[in-house]
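Asks: Going down the list, the protein sequences come from chains E and F.
All letters in the first sequence, in the order written, are residues 1 to 261 by the working numbering.
All letters in the second sequence, in the order written, are residues 1 to 311 by the working numbering.
These aren't lab readings, by the way, just hints derived from the structure by calculation.
One or more of the hints may lead you astray.
Computed from the model, here is a short list of chain F residues facing chain E with C-beta under 7 Å [claimed, not checked]:
#: 1; residue: TYR17
#: 2; residue: CYS55
#: 3; residue: GLU89
#: 4; residue: GLY110
#: 5; residue: ASP175
#: 6; residue: THR232
#: 7; residue: LEU233
#: 8; residue: LEU237
This one's a predicted model, so the numbers in the text were calculated from it and none came from an experiment.
Cβ atoms here follow ideal geometry from the backbone N, Cα and C, with glycine treated the same way.
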Amino acid sequence: MSRPAFPRFNTRGVWTLYHFEMMRFRRTLWQSVVAPVLTTILYFVVFGAAIGSRIGEIDGVAYGAFIVPGLILLTVFTQSLSNAAFGIYMPRFSGTIYETLSAPVSFFELILAYVGAAATKSVILGLIILFTARWFAPIDIAYPLLMLSYLVLVAFAFSLTGFIIGIIAEGFEALQFVPMLLVTPLTFLGGVFYSIDMLPEPWRAISLFNPIVYIVSGFRYSFHGSGDVSLWISLGTLLGLITLCLAIAARIIHTGYRLKQ
Amino acid sequence: MSTDNPMLSIQGLTKTYASGHVALKPVDLEVRRGEILALLGPNGAGKTTLISIVCGLVNPGEGRVLVDGHDILAGYRETRVRIGLVPQELHTDMFETVLDTVRFSRGLFGLKPDPDHLRRVLEDLSLWEKRDSRIMALSGGMKRRLLIAKALAHEPALLFLDEPTAGVDVELRRDMWGLIRRLRDQGMTIVLTTHYIEEAEEMADRVGVIHKGELLLVEETAALMKRLGRRTLRVHLAEPLERVPDELSDWSLELEDGGMVLSLSFSPAEAPDSVPRLLRQLNQLDLGFADIHTSQSSLEEIFVELVREQS
Ligand SMILES: Nc1ncnc2c1ncn2[C@@H]1O[C@H](COP(=O)(O)OP(=O)(O)O)[C@@H](O)[C@H]1O
Ligand SMILES: [Mg+2]
């Protein structure tokens, strides 16, 4: 039996894994869309309409519109982290990962498929929230293309982080720990509901240690043309996070850590 | 690749787990094209470890493994696309349908869709009727057949079946054996692991005996069974005996259960007429018996014997 040489990149394998993940998301579409959309609506009702009307403008932007980028990212952060983490943790937990590990799929392809799928879902959710927000606040997007690219980049960075968590995690609690106990608080304190310039010292200075501040700021810049820090610092932070994750992923690839004995 | 080189060639393969446990001493093994090779060994012998290394689930230690002439590390895509793996445990998704999951398997291995092939595979495994069922609705037996279908979805040339009949009842075991034979008849090379001697005897062209990470021997099944197949005959007597009668001293008989049972260990290959000869002699001596019972030596007894032979 003679076989043609196997292609250098298993496109079909990557697509199959990606598709599998997207189908898994589709099965849980309602709960994954309804919860973030509902929460966002509540934020708008409480902060945008009830409180926001007392606050007025921040940096020349109506308060309702001001909180939109941060609220989108709040969902994108947590969803990227937990979806990517669960995506790889579940087959590890159930044992079905044996099939992927025995397939002619490289670790790089594996990461691409899982992270790509989780990031896709987050971008879709982010856009749904954006469209939902338009019912509550007038939204002008200063740089739509930048906004979209930035959204994709954030989704990718946090999905990659989630993937690594899913590889390292030894139990379900660990999967929830980072999104719930680390990223959510950091996001709330990271300038979603306010510009950090509104904070008194030393809180303003302390906030500058929170990387989420920089990431949210860049996204807000794409909407409003201004942020807490310069766009380049934001992009640098994001790329730094991605580089760090890629280095860890490369380490996992090299050693087969937690995937192979 | 040429057709006379082995389908699988393992040279000096070792494995020590991170725990320090030595799961494989240097193992050498060749699997010929089109044969069924049974790896026979008790639990913990290293069967799953060996298979897992070849399939890419466990990192190898020292040594080299070639599948159809390709190295499992340097040429992992070439080796893996040729291999189908049916794991020991029933690892399946729950919410997928049967047809979706075999489609997934084929795609994962980089092959373009082939609905006809998948249909043939599912029909062959009596799963076609269930193609739209969710996996969680399948019985244990069906799940095991589904794992086989998934392993066959990408048309492998070498199929690994890790304990395909462990915990499966007798009737289903026969079905499984029939299925494995059909696959071999279609040209598949098959490596199966088992801790049942009967299974190795029934299915395999050759048997490799593995014990504590060491491949003790690999032999044609018939030849091995001749050497290994000792049986024990137990004759339950009507009246207890004080000692073995002198007339029976040619036999190496033992008295058990307070003199109620005469027990004989014999090799059917060397002395095929042992049972009728002994019974005839008991009749001549007017020794009444209530029941007779023969049994195969246990795997553990056989290993002890083999290890003794080796040293
Ligand atoms: N991940 C692991 N870490 C440490 N020891 C292991 C691991 N997997 C298997 N072992 C040990 O290696 C030995 C061989 O196991 P295995 O290959 O599963 O045997 P078999 O399949 O023949 O029952 C056993 O003693 C088992 O406890
Ligand atoms: Mg085993």
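Asks: Are the hints correct? Go through all of them and say.
Replies: For each hint, the structure was consulted:
1. Hint status for TYR17 (chain F): holds, given a least beta-carbon distance of 6 Å to chain E, under 7 Å.
2. This hint holds: CYS55 (chain F) has a C-beta 4 Å from the nearest C-beta of chain E, less than the 7 Å allowed.
3. Because the closest C-beta pair between GLU89 (chain F) and chain E is about 6 Å apart, less than 7 Å, the hint holds.
4. For GLY110 (chain F), the shortest C-beta to C-beta distance to chain E is roughly 5 Å, which falls under 7 Å, so the interface hint holds.
5. Of the supplied interface hints, the one on ASP175 (chain F) is violated, with its beta-carbon coming no nearer than about 24 Å to a beta-carbon of chain E, more than 7 Å.
6. Among the interface hints, the one on THR232 (chain F) is violated; its C-beta lies about 39 Å from the nearest C-beta in chain E, farther than the 7 Å criterion.
7. With a cut of 7 Å, the hint placing LEU233 (chain F) at the interface with chain E is violated, because the nearest CB-to-CB distance is about 44 Å.
8. For LEU237 (chain F), the interface hint is violated, the least distance from its beta-carbon to any beta-carbon of chain E being 52 Å, above 7 Å.
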